[in-house]
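Visitor: Given next are the chains, with one letter for each unit.
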Amino acid sequence: MSAEMSSSGAVETITAETAIDPKPVLMLAEFETADVLMEAATRMRDEGFKLWDCHTPYPVHGLDTAMGIRPTLLPWIVLCGGFTGFCGGLLMQGWMNAVDYPFLISGKPFFSLPASIPVAFELTILLSAFASFGGMLVLNGLPRFYRPHFRSDRFRRATADRFFISIDGRDRQFDIGSNSKFLRELGANAVEVIEE
Amino acid sequence: MKRLLDALSPILRPELTGNAKSPEVDNTAYSPDSRVDLITGANDNTTITDKVCSIVEEKPTIGWWGFFLLAFSVLGLLGIFVPFLIFWGVGTWGVNNPVGWGYAIVNFVFWVGIGHAGTLISAILFLFRQKWRTSINRAAEAMTIFAVICAGMFPGIHVGRAWFAYWMFPLPNQMELWPNFRSPLLWDVFAVGTYFTVSLMFWYMGMIPDLATLRDRAKNTVRKFAYGALSLGWTGSNRQWHVYERSYLLLAALATPLVLSVHSVVSFDFAVSQVPGWHTTIFPPYFVAGAIFSGFAMVLTLLVPARQLFGLKDVITLKHLENMNKIIMLTGMLVGYAYSQEFFMAWYGGVKVEKFAFINRAFGQYAWAYWIMVSCNVLAPQIFWFKKMRTNIWVMFAVSIFVNIGMWFERFVITVTSLANDYTSSAWDYYSPKLADVMIMLGAFGLFFTLFALFCRFLPFIAMSEVRGVLADQAHSRAAASAQSASEAAADSASES
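Protein chains in written order, with the working numbering: chain A, 34 to 229; chain B, 6 to 502.
Wrong hints could be hidden among the right ones.
Stated by the list, open to error - Here are the simulated distance ranges between beta carbons:
1. B:GLY84 with A:ASP204: 56 to 66 Å
2. B:THR52 with A:THR98: 37 to 47 Å
3. B:PRO290 with A:GLY101: 43 to 53 Å
4. A:GLU218 with B:LYS331: 16 to 26 Å
5. B:LEU254 with A:GLY101: 56 to 66 Å
These aren't lab readings, by the way, just hints derived from the structure by calculation.
Virtual Cβ for every residue (Gly too), placed ideally from N, Cα, C.
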């Protein structure tokens, strides 16, 4: 990995050593505080960027609206998980104790709803929780162990005390010169381009 | 000896060590028009991150090694006595004919109960938007996981033939027989199994951003690889935070009824039976209150020394400890109320054996255990009526130990007294534990503290990402307050002129 200043002086370029024909894949802009980032995110949204993101060390309130993120589908996935758990739990108990191998204990019915509620309830919770955790991973595309972001040393502070905006190289409005100037205007401390 | 004293000096003589830099700040004063600072001292995102990560990044102190080695050697007791038990069978325990449920079930209920405080802190306080949870939730959730591991061990070994423990699960077996879903003991398998799985997911998910912090600060390859793998490639992306926060909220909403159900189901093990002293409808709420009570005591037992040793007094402040003490006092009185109601109902219900069961509990052959329970659980927390006492770390540590002891005895009293003297007086007997009972009980404590020591050493002890959010809120409310006072001052000067 090598870091060198580009001709403009305002943008650092980080290129992978192994890259044969390096192309810019990502632009990173560092911000000092969440307030500046919030303002910048609103402007980015209004400017019409699509493939871009903010990176913050903690969930910043109001940033979702500032970025224009639409509510996630996750609750519906969880509902499906819970429904499957409840029905599956009742069917499992009925089938096992009353159909496949009915056995009589203390004259109790083979299947009765009240006695089946605790297990069905626990399975509702279990499958909902799996749906919530698994759904989060799938919707977020995790795990993905390599990200071009990780090439930047500066970006290491995104999980501690700095705030970043990243623009994907595939965004239609991606342009190193104009984007970096725009990000500087928005209050970025530093702008980097990652090449691969 | 000198080294030992050095190791203990952060606790015994805080003024001699680095902890003197962060003296105890009293942030417990109540003021109706402003919120107290939950993070004291001159802390920002940078210092909090450094402070919490340094616990993992710096070499472990002698104090940590001492604690770990002690816990690990106590864990060794399990290594000796569990194989002994499996080889010789449950005859190595003190269980006899009327008292078929001895220490194993007492320990099981005790450890499941300990776990409940972690879920209460992480899920219920989250739903109620209690910001003070953020400093303590990680450690409390870790405690939950380890406590449930300890609890889960006991049913596994007390079935007698441990190699058939899988019969508890609805798995096809050689007899083509399924488990009996009409039994509360089976409900327990599902309740505790779900509880463990959900708690683990909740804990791990909360840790992903903090593991990413450790990954980004890692200097050596092993750390980079390990924390890199555990943090799943987290970049703090807001598009990911959005889904993450919703998922976390849903998990909290799911864990809340779950935690209430778990100890209710555990209480069904007793309440659904016909044994006098067990067959009561008060058991589910009474068990849940007791579980939270004992769990908070264990959180204090762990956190009071930990905040001292790791220099976290700014993060886990007196306010946090005081709040926990208030919950201990409340749940302690709920438990005391349940004890009294049991007696009232036994008298009011007019069932002879039921009446006998309760008089026997308090004045029979296990009266000593009953009164240990009452003094530890009902009397000891009453000291927290005094603010001086609930903000004194020595007093709260002592009370937390009493409550741990008292709650263990509560389970002992419930389990043993009812079985030892039930309907038929000719079958009565006195239960006392044997060596293997006591050693396995101690070994479980060893397992618990070993896991907790490892957790302190290798995983982020404080939920850093959440604490940063609290710091941001604090900064905002401070800015708003100063803006307000400035505008008031301007208005005053305007009206004067």
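Visitor: Next step is simple, just say for each hint if it's right about the structure.
Guide: Hints, one by one, checked against the model:
no., hint, verdict
1, B:GLY84 with A:ASP204: 56 to 66 Å, "holds (58 Å)"
2, B:THR52 with A:THR98: 37 to 47 Å, "violated (30 Å)"
3, B:PRO290 with A:GLY101: 43 to 53 Å, "holds (46 Å)"
4, A:GLU218 with B:LYS331: 16 to 26 Å, "violated (51 Å)"
5, B:LEU254 with A:GLY101: 56 to 66 Å, "violated (21 Å)"
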